[in-house]
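First to last, the protein sequences are chains A and B.
Be aware that the first sequence starts at 0, since it is given in numbering that gives the first Met the number 0, and climbs by one per residue.
Be aware that the second sequence starts at 0, since it is given in numbering that gives the first Met the number 0, and climbs by one per residue.
Hints are all accurate, no fakes.
Far from chain A, by Cβ distances over 12 Å, these chain B residues were calculated:
hint	residue
1	Arg1
2	Arg64
3	Glu186
4	Glu188
5	Leu205
6	Ala253
7	Tyr273
A few chain B residues facing chain A, derived, Cβ under 10 Å:
hint	residue
8	Ile78
9	Asn87
10	Val132
Source of the hints: derived by calculation from the structure; they are not laboratory data.
Glycine residues also receive a C-beta, built at the ideal position from the N, C-alpha and C atoms.
Listed here are the chains, written in short residue letters.
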Amino acid sequence: MPDVGVGLWTMRSTAARPVHAAAAYAALTRDALHAEALGFHSLWLAEHHFWYDGWCPAPVAAAAAVLSQTSTLKAGTGVHLLPLWDPPTAATAAETLVALAGERLYLGVGLGYRDEEFDGFGLSRRTRGRRMDAALDAIALRWNQEGRGPRVLVGGFSAAAMTRAGMRGLGIFLPFSLSRAKLATTIERYREAAHEAGRTPGMVGMLKYAWVTDGSSRQREAAERLIAASALEYSGCWFELNGRSGFEEPELLARQLSLATANALIGTPDEIAEEIAQLDEAGVDLVVLQVTRDDVSADHRHAMEAMAGALFPSSPPLSA
Amino acid sequence: MRVGLLLPLSGRDGTARDLGRRSVQAEAAGLDLIWLEPEISAPGDGAGDALVAAAFVAPLTAVIRIAACVDAGAHPVHIAEQAIVADNISNGRLVLALRGDTEAAAMLAETLDLVIAATAPSPFRHRGARWAVPGNIAANVSEDRVSVTPQPAQLALPIWVAGSGGASAARERGLSHVSGAGVGAAEAERTWRATEHALGRVSAPLRRPAIRAVTASPAGDFDDEAVVAELRAESVRWGLDVTILALPPGLAEAAHAHAVERIGSLVRPQLQMYAPPVHLLEHLETKLRPRFPAVADGEVPA
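So here's chain A without its partners, still in its complex pose:
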């Protein structure tokens, strides 16, 4: 069985689920204690900038709140948009948290894709690949060599991302949209890149939408509808499809949303546990279950409890 974490805490206050930011961060620290008590490996945060819903712009600072009251739970970023940050600033933040909380920080890093975010920091989006490489060389290689600092996982599944991670001996963090069919070849490409560079491959992490049902087809259909709904606003506003925003390309948007539902883990807790065990055989070391729902009314705490019961049968029951 791979390690199983929960995600992604985006800290959004959406039109569908409005919340004061301070209340959202208070809930984050409560959820961290809950996740640890249930036996989950880690809790994962995300990063975006300049959006109406207050999407968390500083996930390493938020991770500090996750780690301060917990003792074994890890905090992850899925993902930290490293090209937007100056390497010394990003490195100091992560190193400070490791100094305070121990080796419990997993730094998933990604390129970012929204022009307005790069422009806000005076950067051209076209430089993102070069900036990522420079940051990884300046920070992650040093941490690797010195045997300290957070563990770094490179987000994405493109050939470039697999090479970027493998040649440096860093881990990878695969997105929910990667199909089961392409999973094996993607991991193989990553391992080859590591071996060609004379490096040992690192950790393989993966994000998966997860929704607990009673096993009926009626609830499965409802879960698929809700997963699509929970990704609609984000995908519609943020993804550039055919050169336009997702909402202007409804057919392409629907196809994008179907990637979320088609690759989701939907079923009874035992069925989900079985699918997670199969991911282990495919070479996945860590599965992050996407349980938070920013755009639909559903309680992630109930889903976490149900899944923990199937995933960690030996863990002590929570007191009511």
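Starting from the structure of chain A, add chain B where the hints point.
Only chain B this time, still in chain A's reference frame:
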């Protein structure tokens, strides 16, 4: 007078891992704030981000104010974003202190302008010597102005200015300047007289903070009456109203806890009135001071 405690951030001598416990101790002693300060001389020791440290101690405490001392240099929008997250995690208890020395005065000034704009509710645009926000780079889709989100929990984030390059930058923006540990009462008085002259009544609402070192024994003992007398004198002389006390580095944990208890029970109470009546001071002398006996050098209190 508000009384706080300086907590240095250093990964080398173990204080980083002690930070949570020491923050809780300061709150339990009734202190008003903790001041989280990276060591200027120790870049790369892995513990220098005071805003991450503030976010770490915030869930461990409930009411104490958390001042994070941040050196100018990082992109100010990132400083603002980290500060906003820390302010929300602490439910509005953050004070952001931006620090710069004389050589970095221009960078500190631009950092202040950008952080002030980025933590305010209105969309903004900035064009400075060092930073342009938004960049409006031709290859990007971009906007004329940006809003940093979310907003701080506080309606206006308190921003203080520290460091040798900070006095005039603070004055020009109507902000509080923090007198450093090496700045004596005479210089602090000159700084605040100049501020009063320049700002007039606008200076009245400004807090007047200073960092002051406490000469304590290795056991954490110190002369509380002398400390109180010095702080009272500075209060009268130039209006000192937030004192951040710095204990000697390297105190053992028990000695540190002892010193913080003494600050909370003997120093802070005497500074809450202009002239505590004699019978109160006699009570402190006979009832309270024996609870915190002077301890010989090298001896660790029980």
